[in-house]
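We have chain A already, so just place chain B on it with the hints.
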Amino acid sequence: MLFKAVLIVQVPGKDRADAEARIKERLGGWGYLTATLDPSVQQPPDVAGTADIKLPLPRYVNGR
Amino acid sequence: MAADPRITNAVASTLCDALVDQLDSGTIKIYDGTIPATADTALGAQVLLATLTFNATAFGAAANGVATANAITADASADNTGTATWARIATSGATTIMDVTVGTSGEDINLNSVSIQAGANVAITAMTVTMPKT
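Same order as they appear, the protein sequences are chains A and B. If you're matching positions, the first sequence starts at 1 in this note's numbering and goes up one per residue. If you're matching positions, the second sequence starts at 1 in this note's numbering and goes up one per residue.
Only chain A is shown next, with the shape it has when bound in the complex:
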């Protein structure tokens, strides 16, 4: 008998094709596997950075 299973997994990937390939690689032994990603749950890329703020120093005193 064959049973159909729906798995919800989160996998890292450079893009959709890469993520699908990773799923198939891990679960390929099960056979008959169709990997389909749900774009709505795709995690957007992180954004990170630093700040170095130089304050303005008024250069004119007493109207000069």
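The set of hints was computed from the structure by calculation and includes no laboratory data. Among the clues, some could well be false.
[What the hints assert, rightly or not] Label-pair distances were calculated between CB atoms; the ranges are:
no.	chain 1	residue 1	chain 2	residue 2	range
1	B	Ser105	A	Glu20	30 to 38 Å
2	B	Thr134	A	Thr50	20 to 28 Å
3	B	Asp24	A	Ala48	16 to 24 Å
4	B	Asn55	A	Asp52	14 to 22 Å
5	A	Asp15	B	Asp21	43 to 51 Å
6	A	Arg22	B	Asn9	49 to 57 Å
7	B	Ala37	A	Thr50	25 to 33 Å
8	A	Lys14	B	Thr14	44 to 52 Å
9	A	Lys54	B	Ala118	17 to 25 Å
10	A	Lys14	B	Gly103	21 to 29 Å
[To be verified] Over 10 Å on every C-beta distance to chain A, these chain B residues come out as not near it, computed from the model:
no.	residue
11	Asp21
12	Gly44
13	Thr85
14	Gln117
No residue lacks a Cβ here, since even glycine has one placed at the ideal position from N, Cα and C.
Frame of chain A, contents of chain B only:
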């Protein structure tokens, strides 16, 4: 001789502390669009992309006019998708302290990418504020 005031290290630190001490539990709100003409200018059509939060003690005491921020809480889920161009830094009570530019290099805040997608984690891992002495 042209006007050219110079302040001491101690005065620079005092001035710097006076500013950053207002940022305890304050926010950094990152927007798209055009930076307002002045920090007193109200927001226009700019879209809020992400909000980061300063520590309850936002900065350590300034040294030689330079204050370094304590850990800043990242926005774990950006509000909207857009291109980050500037940020408004405010007190915990939402009083604007200053506006700063955002880019990938040479700006006040430099991110690895200015393209922010809704739901993304947005972090600033280090921040300094400097009061120039000359």
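Quick rundown of the hints versus the structure:
A hinted range of 30 to 38 Å for the beta carbons of B/Ser105 and A/Glu20 is consistent with their spacing of about 35 Å. With their beta carbons about 24 Å apart, B/Thr134 and A/Thr50 fall inside the hinted range of 20 to 28 Å. The hint said 16 to 24 Å for the Cβ distance between B/Asp24 and A/Ala48, and at roughly 23 Å that hint holds. For B/Asn55 and A/Asp52, the Cβ-Cβ distance of about 18 Å falls inside the hinted range of 14 to 22 Å, so the restraint holds.
Checked against the hint of 43 to 51 Å, the C-beta distance between A/Asp15 and B/Asp21 comes to roughly 46 Å, which is consistent with it. In this structure the supplied range 49 to 57 Å holds for A/Arg22 paired with B/Asn9, their Cβ-Cβ distance being about 55 Å. Checking the proposed 25 to 33 Å range against B/Ala37 and A/Thr50 shows it holds: the Cβ atoms sit about 26 Å from each other. Between A/Lys14 and B/Thr14 the C-beta distance comes to about 50 Å, which sits within the given range of 44 to 52 Å.
At roughly 32 Å, the beta-carbon separation of A/Lys54 and B/Ala118 lies outside the given 17 to 25 Å, and the hint is violated. The given range of 21 to 29 Å is respected by A/Lys14 and B/Gly103, whose C-beta atoms sit roughly 25 Å from each other. At roughly 14 Å from the closest C-beta of chain A, the C-beta of B/Asp21 stays outside 10 Å, upholding its exclusion from the interface. Non-interface status of B/Gly44 relative to chain A is upheld: no Cβ of that chain comes within 10 Å, the nearest being about 23 Å off.
Every Cβ of chain A is farther than 10 Å from the Cβ of B/Thr85; the closest lies at roughly 13 Å, confirming the non-interface assignment. With 10 Å as the threshold on Cβ separation, the claim that B/Gln117 sits away from chain A is violated: the shortest Cβ distance comes to roughly 3 Å.
Taken one by one, the earlier hints fail for this structure at numbers 9 and 14, listed in ascending order.
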